[in-house]
Amino acid sequence: DYRKIISTINSCGYSVDQITVDRNPTPLQTENGFESINRDALDRISKADFFFAEISYPSGGVGYQTYHAFYQKKPMIIAYMETDTANPSVIIRGIKSQHAIIYKYHDLNQLMGKIPQLLERASDNLKVRFNLVIDNSDFLFISEQSRKKRISRTEYLKYLVKLARKNTSVLI
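Its first residue numbered 1367, the sequence shown is counted upward by one per residue in the working numbering.
It is worth saying that the hints were derived from the structure and are not from the lab. Treat each hint with caution, since some may be false.
Heads up, simulated BS3-like pairs for lysine-lysine below, C-alpha to C-alpha not over 27 Å straight-line [what the hints assert, rightly or not]: (1) Lys1524 / Lys1514; (2) Lys1480 / Lys1470; (3) Lys1480 / Lys1514; (4) Lys1528 / Lys1515.
If you anchor each label on the Cβ, the simulated ranges turn out as follows [as the list claims (entries may be wrong)]: (5) Ser1402 / Ser1503: 34 to 44 Å; (6) Gln1438 / Ile1500: 16 to 26 Å; (7) Lys1515 / Asp1367: 45 to 55 Å; (8) Tyr1469 / Lys1514: 35 to 45 Å; (9) Arg1410 / Ala1530: 12 to 22 Å.
Even for Gly, the Cβ is constructed at its ideal location relative to N, Cα and C.
Turn these sequences into a full structure, and let the hints guide you.
And the structure:
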């Protein structure tokens, strides 16, 4: 039952922005029709810290949303029940990524008990993106230094943070 999954995730201190939890949802009536529903769903995934999908039963929509989260390297938890009637996507189960946790469970209680650990593991892959406004001269310096080291600007900034953590006397 999806409501139990959502309740368990909420009890772990996370808020759930559910895109759909009904097997037969009522079609949303919007000004722009399905295009705005698609855009809204993808925007919600983009803004989320994690992506959680229960894939025991096939859904093209869940598959599309999973691909979107995967493409963004979003930390993902993909769970499916192993039963005679379940038919989880082999393509989704075949995802191999450090950002994806694929979890097979036998009953809902097993999944409920494992969700806190799955969220903790997924949080290890959580990356925070932010905009950094700096002077052009600073940007050129970072670009030049990263080129010299043959690493990306992001890797160079992470390198500087690591150095600053080791040498706390440098911190202002």
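So, against the hints stated earlier in the document, which numbers end up violated here? Violated: hints 3 and 9.
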